[in-house]
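Colleague: Protein chains in written order, with our numbering: chain A, 3 to 502; chain B, 2 to 405.
Derived from the structure by calculation, the hints contain no laboratory data. Errors might be hidden in some of the hints.
As the list claims (entries may be wrong) - In the BS3-like style, the derived pairs of lysine-lysine whose C-alpha atoms are separated by at most 30 Å in a straight line are:
#1 K491/A with K188/A
#2 K491/A with K167/A
#3 K298/A with K402/A
#4 K53/B with K367/A
#5 K402/A with K373/A
#6 K378/B with K88/A
#7 K491/A with K88/A
#8 K243/B with K420/A
#9 K53/B with K88/A
#10 K308/B with K298/A
#11 K126/B with K446/A
#12 K88/A with K373/A
#13 K378/A with K312/B
#14 K378/B with K312/B
#15 K402/A with K53/B
#16 K308/B with K88/A
#17 K402/A with K378/A
Stated by the list, open to error - Okay, the calculated beta carbon distance ranges per label pair:
#18 A183/A with F356/B: 53 to 59 Å
#19 G290/B with D82/A: 42 to 48 Å
#20 A387/B with M81/A: 47 to 53 Å
We put the beta carbon where it would ideally sit given N, CA and C, even for glycine.
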Amino acid sequence: MMSALDIPTLKENIDRETVDQVLSLDVDKYKYGFSTDIESDMAPQGLSEDIVRFISAKKNEPQWMLDWRLDAYRRWLTMDEPAWAKVHYPQLDFQDMYFYAAPKSTPAPTSLDEVDPELLAMYDKLGIPLKEREILAGVERPNVAVDAVMDSVSVVTTFREELAKVGIIFCSISEAIREHAELVQKYLGSVVPVTDNYYATLNSAVFTDGSFVYIPKGVRCPMELSTYFRINEKKTGQFERTLIIAEDDSYVSYLEGCTAPMRDESQLHAAVVELVALENAEIKYSTVQNWYPGDKDGKGGIYNFVTKRGDCRGNGSKISWTQVETGSAITWKYPSCILRGDNSRGEFYSIAISNGYQQVDSGTKMIHLGKNTSSKIIAKGIAAGFSDNTYRGQVSAHAKAKGARNFTQCDSLLIGDKCGAHTVPYIESRNATAVFEHEATTSKISDDQMFYCQQRGLNEEEAVALIVNGFVRDVLQHLPMEFMVESQKLIAISLEGSVG
Amino acid sequence: MLKPKMPVRLNAAEETLIAQLTGAGDSAQAERLSVTGLPTRRVESYHYTDLKMLLKSVPPLVGAANTASAPALRLAGAYRLLIANGEPQASATAPAGVIVGSSDGAALSVHDDVLVRLNTAFAKKSLSLTLEGTVDPIIQIDRRTEGTAAHSASSARIFVADDSSATILETYSGSDEAHLTNNASYIAVGRNAQVTHITVDLSSDGVTHFATNEYVLAEGAKLRTLAIHAGSALARTQIFAKFAGEGAHADIAGLNLVDDGQHLDFTLDVNHAVPNTTSQEVFKQVGRGRSKAVFQGKIVVARDAQKTDAKMMMQGLMLSDQAEILSKPELEIYADDVVCGHGSTCGELDADSMFYLMSRGISRAEAETMLVRGFLKEVLDPIEDAELNEALTAVVDDWLVGGK
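Using the sequences and the accompanying hints, generate a full structural model.
Modeller: The following block contains the structure:
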């Protein structure tokens with residue numbers, strides 16, 4: 003292939019940057035598509051009760067955890083894969099997957115120095131908000147505590163001591179199972195029950211790692227907490243499990259970022275995230291997901307089948323989900339809020355961008371159970387290429403949820419005439435005092451907008467990126483600073499090649 | 002993988018239906034139903050109307066009508082056609098431009114829907130109607146189920162010729178028994194033709210009423226529909242509208258008046274299959290007592306249907322604490338140069354408005370009636386024919402004052 007350097011002379015009024023830009027479009031654009039050569043410790047292929055026992059044994063889990071897993075596995079065997087989402091994919095063969103892969107060189111790292119340099123180099127390449135390098139170099143700036151999960155094992159947790167000073171527990175879930183069993187036993191599966199759905203049940207049986215956060219009473223977490231997920235090993239499913247507990251009057255903001263290397267086979271990612279907010283507690287959960295979406299012919303890519311749910315258990319509690327979904331071949335994800343406590347509040351802000359042959363079926367659920375609960379949903383879907391982008395959301399008010407209030411706005415933008423944008427809201431009011439409003443629009447970028455931008459010297463792609471960033475602005479501003487900048491770039495990258 | 006598949010356990014209603022299908026010589030449908038059973042909430046299009054749970058039993062297939070109840074709605078100037086127990090009856094001399102006949106078999110096109118399949122299996126005869134030119138009198142199709150509780154299927158096929166105009170009113174009623182009726186109307190609207198089609202369910206308390214209204218719109222056609230639910234215990238009206246010609250427009254409206262003990266469902270599927278078509282859907286639901294009001298509306302814009310303009314609105318009003326309003330307004334869009342939107346709101350009567358009226362000496366009940374009437378007016382107003390508008394307003398008023 004030609005590179006920019008092979009062009010001896012440039013035509014007038016075309017600068018080199020433009021040429022580079024165009025040439026760079028030829029190659030596959032997934033900039034996180036590399037795999038790190040780290041020896042992995044893997045479980046035998048396939049899924050059986052023995053594999054569940056193997057995973058549990060590998061992690062030195064207590065008996066109660068193994069029993070919990072086995073119970074989930076047995077239930078899973080009797081369940082059917084859900085078929086209601088607007089996504090199509092070949093039948094998954096669970097016997098062809100590996101359910102456990104741990105980077106071998108990191109049995110129990112205690113500090114970053116002990117971590118395999120190749121691993122660090124990989125984070126370096128990723129370069130998104132975590133900035134591990136800067137942490138290594140002793141740069142004070144990033145006030146982000148990182149719990150990185152590579153394939154299935156939490157590799158390192160930074161800033162733990164600083165957090166421990168205020169009583170915050172931030173560690174991997176496996177560690178929490180060993181060291182904080184009483185908390186895990188009390189809350190694990192209390193928001194997403196073992197039997198919740200096909201993928202959540204599968205996760206309950208074979209989850210390998212994830213993050214555990216506990217914020218004690220009255221503590222405002224002094225920094226943003228962050229996990230980093232990355233699928234590295236071939237044919238592995240990543241089944242992480244995250245549990246966040248915010249005690250009375252506490253606050254935490256949690257960031258999650260996901261990437262995966264380029265692989266031919268489709269990889270399965272079935273995570274479960276549970277949030278528990280007690281009296282007047284607030285949890286803010288932000289996700290930027292750019293798993294490998296498959297190549298330009300729709301081959302490969304991650305199947306992202308995720309169950310995320312928050313329980314506003316105490317009065318006056320608040321849970322806010324913000325997500326930027328640009329990756330994965332298939333996204334099946336509905337971060338939800340159960341508004342159980344009186345005066346509790348749920349929020350969902352989402353940007354879902356699909357290009358190529360991606361399929362997105364994502365949205366939220368706001369289940370109003372307590373009195374005077376309120377929720378707000380802002381969802382922006384952008385479909386380009388041959389993709390399908392579906393918003394699916396449920397808002398329901400229980401008979402006892404007096405004064406429940408919801409506002410929903412979902413807007414879709416279509417770029418090109420080969421894609422699809424769909425809206426499927428379920429609005430269920432079982433209470434006369436509940437007030438629900440829902441509106442949805444679908445449109446395309448108008449020729450006037452494009453003309454205006456291009457007339458001012460932007461090329462077509464830049465113009466689209468600018469307009470799209472404007473379209474999603476009211477969601478972007480709910481992201482923490484680190485993610486906001488990254489997301490804007492991500493949106494531009496995701497939409498490359500979608501016009502013209 | 003070992004996955005024990007649970008075979009569908011058939012309930013009494015399903016078993017009766019299977020026996021009736023076998024008796025009617027449709028072994029293929031009988032076989033199909035015995036495998037799938039009636040749809041449950043897991044079937045998306047029946048998410049809020051779980052037929053397996055709601056349909057407890059199916060009465061025996063209907064025989065010929067020997068007795069006659071009074072028409073549920075009388076319009077002085079209308080040309081009335083009667084379908085009794087599924088059988089089109091002889092009618093008076095048709096007015097100019099109206100050709101009445103009947104044909105064997107059912108009228109609906111093939112849809113992947115159990116009610117359509119059952120209607121197709123059981124409707125032996127369809128009323129056929131061709132309307133040409135400006136048809137002055139309102140055509141009323143009066144569908145009644147008489148005698149003891151029965152399972153009855155009725156069908157009508159209506160062609161409105163190019164450049165013609167007509168107003169069709171369909172009413173459903175009958176004897177005071179727990180019938181199961183499955184009604185179908187297929188209406189083809191010709192080029193530049195203008196049609197108003199109104200259906201009113203006034204069946205008695207114990208009835209299970211199903212209706213499927215299928216519309217096909219040719220180039221430049223204009224369609225206005227209004228479906229009113231004001232009877233039955235369990236009712237579902239399915240509206241399938243397909244735009245087959247450019248420049249066509251449809252106003253599709255519905256009024257769901259749901260009282261204590263009722264479960265009434267509107268399911269809508271509007272298919273913009275060609276470019277340059279427009280539609281506007283307005284549905285209003287009022288719930289009283291312990292009741293369920295369901296609206297499922299889907300607008301589909303096909304890949305090439307550029308310049309589609311479709312707007313859908315559902316507004317729900319809850320007059321009691323046990324009323325439920327369940328709504329699923331869907332957009333499924335495959336073309337990019339379109340303007341589509343939907344809105345859905347739901348709440349109770351505005352306290353300020355109530356206070357305003359009551360502070361002027363109007364009783365609570367009366368104030369409530371006034372406000373609900375105002376809320377529903379938007380749907381009734383576009384019906385231009387004064388006599389018809391009056392008759393429909395009376396249906397609404399009867400419901401408003403006739404709280405159970």
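Colleague: Each of the hints needs a verdict: does it hold here or not?
Modeller: How the hints compare with the structure:
A hinted pair counts as satisfied when its Cα atoms are at most 30 Å apart, and K491/A with K188/A does not qualify at roughly 41 Å. About 36 Å separates the Cα atoms of K491/A and K167/A, which puts this hinted pair outside 30 Å; it is violated. In summary, the hint linking K298/A to K402/A is not supported, as the alpha carbons are separated by about 50 Å, beyond the 30 Å threshold. For the hint linking K53/B to K367/A, the alpha-carbon distance of about 26 Å falls within 30 Å, and the restraint holds.
For the proposed pair K402/A and K373/A, the alpha carbon gap of about 7 Å is at most 30 Å, so the pair holds. With a CA separation close to 37 Å, the supplied pair K378/B and K88/A exceeds the 30 Å bound. Proposed proximity of K491/A and K88/A is supported: the alpha carbons are some 28 Å apart, at most 30 Å. Of the supplied pair hints, the one linking K243/B and K420/A holds, its CA atoms being roughly 21 Å apart against a limit of 30 Å.
Restraint check: the Cα-Cα separation between K53/B and K88/A comes to about 24 Å, which is no more than 30 Å; the hinted pair holds. Between K308/B and K298/A, the direct Cα distance comes to roughly 29 Å. Compliance with the 30 Å bound is thereby established for this hinted pair. Simply put, K126/B and K446/A have alpha-carbon atoms about 47 Å apart, too far for the 30 Å limit, and the pair is violated. Restraint check for K88/A and K373/A: the C-alpha separation of about 34 Å exceeds 30 Å, so the hint is violated.
Distance check on the hinted pair: K378/A and K312/B sit about 23 Å apart at the alpha-carbon level, within 30 Å; holds. Restraint check: the Cα-Cα separation between K378/B and K312/B comes to about 19 Å, which is no more than 30 Å; the hinted pair holds. At most 30 Å may separate the alpha-carbon atoms for a hinted pair to count; K402/A and K53/B meet this at roughly 28 Å. This hinted pair checks out: K308/B and K88/A have alpha carbons roughly 24 Å apart, not beyond 30 Å.
Restraint check: the Cα-Cα separation between K402/A and K378/A comes to about 20 Å, which is no more than 30 Å; the hinted pair holds. Evaluation of the 53 to 59 Å hint for A183/A and F356/B yields a pass: the beta carbon distance comes to about 57 Å. Taking 42 to 48 Å as the suggested C-beta distance range, the pair G290/B and D82/A does not conform, at roughly 37 Å. Between A387/B and M81/A the beta carbons are some 59 Å apart, a value that contradicts the proposed interval 47 to 53 Å.
Violation of the numbered hints given earlier is confined to hints 1, 2, 3, 6, 11, 12, 19 and 20; the remaining hints are satisfied by the structure.
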